[in-house]
Structure formats: structure tokens, C-alpha cells
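Let chain R serve as the given structure and place chain X on it in line with the hints.
In order, the protein sequence lines correspond to chains R and X.
Each residue of the first sequence is one higher than the one before, starting from 35 at the first, in my numbering.
Each residue of the second sequence is one higher than the one before, starting from 119 at the first, in my numbering.
Note that these hints are calculated values from the structure, not bench results.
We put the beta carbon where it would ideally sit given N, CA and C, even for glycine.
Heads up, some of the hints might be wrong.
[To be verified] Here are the in silico distance ranges between beta carbons for each label pair: (1) T135/X with I198/R: 25 to 35 Å; (2) P133/X with N60/R: 41 to 51 Å; (3) T83/R with I142/X: 36 to 46 Å; (4) R143/X with D61/R: 47 to 57 Å; (5) Q238/R with N187/X: 47 to 57 Å; (6) G244/R with N187/X: 37 to 47 Å; (7) F189/X with R330/R: 31 to 41 Å; (8) R143/X with T83/R: 35 to 45 Å; (9) G76/R with Y220/X: 24 to 34 Å; (10) K222/X with G324/R: 22 to 32 Å.
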Amino acid sequence: MTTVIPFGPQHPVLPEPVQLKLELDNDVVVGALPSLGYVHRGLEKFIDTKDYNQTLYICERICGICSAIHSITYARGVEQLMNVEIPERAEYLRVIWSELARVQSHLLWLGLFADGFGFESLFMECWKYREAVMDIMEMTTGNRVITSMCKVGGTTKDLSKEHIDIILKAIDNLEPQVENLEKVFVNNYTVKKRLVGLGVLSKQLAYDVGAVGPTLRGSGVHSDIRESPSWSIYKDLNFKAVIENDGDCYARTKVRIYELYECFKLIRNAISKLPAGEISIPVKGSPAAGAEAISRAEQPRGEVVYYVKGNGTKNLERLKIRTPTFANIPALLQMLPGIKLADVPVVVLTVDPCISCTER
Amino acid sequence: MGMLNLVLSNFSRKPPTRLYPFDIRAPYENFRGRIIFSPENCIYCGICQKKCPPDAITVTKDEKTWELNVFRCIMCTECVSSCPKECIVISNERAKTGPKEYIKIVTPK
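So that you can see chain R by itself, here it is in the shape it has in the complex (with noise of 0.2 Å):
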């Protein structure tokens, strides 16, 4: 006989509401239904009343953490549908700031994992290494998490000299201090015995479900939204996807701290290739009646997808966005047939839920 059990959408372990109805065989999980809709706030509506520049402060506020890529690929999905070609300089720019925005993202969800598994010490350390990131993007954009630095045509903001010796200087120091958590989520006994073989996703199911992001990777698939043609920048930055074949929650959490790596290298690559000009060029006119654009990007928690039409005014007639965890909330359930009742907040965990952008 079974018990359901529900888990959320309030609880200790994990602040998003979304509630998983979970179906328990003694102490182990047979079954789970999740029901969202706990803090839907209609944004997809709500940008009827406003313009195209205008509806780019709403998307970013969709997500706290990722806020910087949604703007960013808003921004390209409508200069997609203008045809507006943006300075090399903006390019380069929004690549700096989206990178930092994933350091940070990472750096956070490593301290909530930790937290989540009873690490407590291990989350105060990863947070403490976050304060330099949101540091840096108080200094360069004027705001810690909501920096509204970008703009469709280009960026509002510039990097000075100062500024990008400070970032270079900040990642210098954090890589050390990285590499010191890298040694504590990977080889310490306590945390592999708690995370290894746990919620395994294999490779053929994680690509079948359509999971998206650090999940789909650390099941072995290679997918990334920036080795993408359409992204061609960070091929010139020399980027490589990282892939991890396990599919469990240990594979996952290394997916995260070697993304970190690679973030690094790619602002280091990217400063030092930053040319010099224009950060942005003036948008006039509005976009045409019927005209589609499909804009995706790689955001900390896997691949984000904006669908936009113009209806020849400056609104625009429709905005659709995918968000990575609604993607991801099919692999999770699949993940969770098999174990303990205990270990539920933790693979609820490595999926990086987001439950404010799933819902809009």
C-alpha cells in the first residue's frame, strides 16, 4: 500500500513553491506529481500594455538569478526581428556580464546544495565567494542582481579600464578559492557517499525527456545552446562544453564546478579580445506585422527560449518564453522513482529548480 505525501510547496529544505505529491512505499518514492501555479504573475499578458524597450525590464525581472541572460536574449530575439546588427563591443560585453551572472548562479546553488545535504559551514564559504561576483556587478552595471545593462541595440552600460582590471583581479582571486570547493564537492567521503548513484538520469532518458542545461550534460549528452552557430562569439572565445557521463546528483554537482572554470576562462578570453568602438546603436522604428523570432541562450540553469511577434506597432503582439526548469521538471520526475523520502530535497536540488521563472 502506498502514502502520499506532499513536499512543498513550503518547505524547510527548499524555498520554491512548487508542491511534488510524492507516493511513498514505506520509506521509498514509487511515484511523484508535481503541481505548479503557486506564484504565476501573467508577464506574458502584462507586456501588452507595454513597448518593445520597455518589456525588457519585465523579462528581466522574470528571474532574480538569471536575470541578466533573459535580458540579453530578449534583446537578441528582437534585434533578430528588426534586423538590427549590434556593435562588436556589446557583444563582447554582454558575453562578460552573462558570465559573471553564471559564476555567481553556480556559486549559489552550490552553497544551497551543501545546505541541502547539511553542509552548513560549506554553504557560508560558497556564499562568502558569491559577495565578490555581486560586488563586481554592483561596481561595473550599478545593481548586485537586477543590472539592466543591456538594451535592444547594444548595452547601456561600458566597462572601463579600472573596471576590467578589478574583474580580472576578482577572478584571479577566486579561482583558488574555487579550486579549494572543488576539492570538498568532489573528493571529500561524506559528500560522494551522500551524492553518488543517487537520482542517476540515464543518457538515452535525460535526452528523451528534454531535459536541458547542467542536467542533460551531467548525463553524458553533449548540448549547449553556446556552441550554437547562432552564437558564434563564444567559439572565437575558445569555449567548450563540459560533459559528465554518471547522469546521478555527484555527476551533476561536477557538471556545475567545471562550468565555473570555463566561465572564467571565457571572461579572461573575452577582456582580452574586447575591441574597442561603440557599446550600442539607436533602435528606431518598430518591428513588422507578422514577423517571428526564436532566440535561445544557454542560461546557469540550461537553455532558455524566447519566442517573439511583431504586430507592426511598437508593442508586441505575442511573447512566449521556455524557461530551462520547466524542462526540467519532467527529468526530475523521472529521477525520483527509487529512493529514500530523505534524499528527495537533494535531487530536487541538483535540477536547479526555479520556480518564479517556470511560472512567470
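Chain X only, in chain R's frame:
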């Protein structure tokens, strides 16, 4: 071994946090603290009102008033960059908290 190193090295370090109300870090130069409006050159064209994403600014041309709802303002600086007369600037001083929802500036006739 990594964790033990982290813990032991923390013994000899100062805390990374500050004693906040007594020890306040100076704001960064680019920090978006608060919007400052100076009415001297303003022509009350209303471009800032039109550009404002959260509709926080209200301008009336006849009565020559400029009003900012600070509870709605998101500090995006669209008004600062769009003002043709450069009347709106952003200061890096943090805005003081308080119950006053509106900043209203009326130019005497």
C-alpha cells in the same frame, strides 16, 4: 582535507561581514541610488513619462509639475538617458527609506 583547511584558515581571519549600521561601505560610483530632478531647464515635454517602464513619472505641462512615485520606480535610468535637457540625474547616494510615496516638484509661475 579541503574542508578542514577552510575551517582552520577561518580561525585566523576577520569576519567577512560588516557591522552594518555602524560600518557602512561607501557606495560605488556607478551605483543607482536615487533619481534627482532639477526643474530649472525642464520644458515639461513628458518624454520621461512616456519612456518610464513602470509608469512612475507623471508630468503635467499646464500646471508645470513633475511627479515621481518612488515606490514604483525601478531605477532603470530610462528617464535619465532620454531627457533632452538633462534635468534628471541619478545619484549614487542611497535613497532614504520612509513612508512618502511621491516626490512632487512644482515650478512656481
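Right, here's what the structure says about each hint:
1. T135/X with I198/R: 25 to 35 Å: holds (28 Å)
2. P133/X with N60/R: 41 to 51 Å: Since P133/X and N60/R have Cβ atoms about 45 Å apart, the given range 41 to 51 Å holds.
3. T83/R with I142/X: 36 to 46 Å: holds (39 Å)
4. R143/X with D61/R: 47 to 57 Å: holds (49 Å)
5. Q238/R with N187/X: 47 to 57 Å: Given about 54 Å between the Cβ atoms, the range holds.
6. G244/R with N187/X: 37 to 47 Å: holds (43 Å)
7. F189/X with R330/R: 31 to 41 Å: At roughly 36 Å between Cβ atoms, R330/R and F189/X fall inside 31 to 41 Å, so the hint holds.
8. R143/X with T83/R: 35 to 45 Å: At roughly 38 Å between Cβ atoms, T83/R and R143/X fall inside 35 to 45 Å, so the hint holds.
9. G76/R with Y220/X: 24 to 34 Å: Holds, since G76/R and Y220/X (Cβ atoms, about 27 Å apart) stay within the stated range.
10. K222/X with G324/R: 22 to 32 Å: violated (44 Å)
Hint compliance for this structure: hint 10 is the single one not met.
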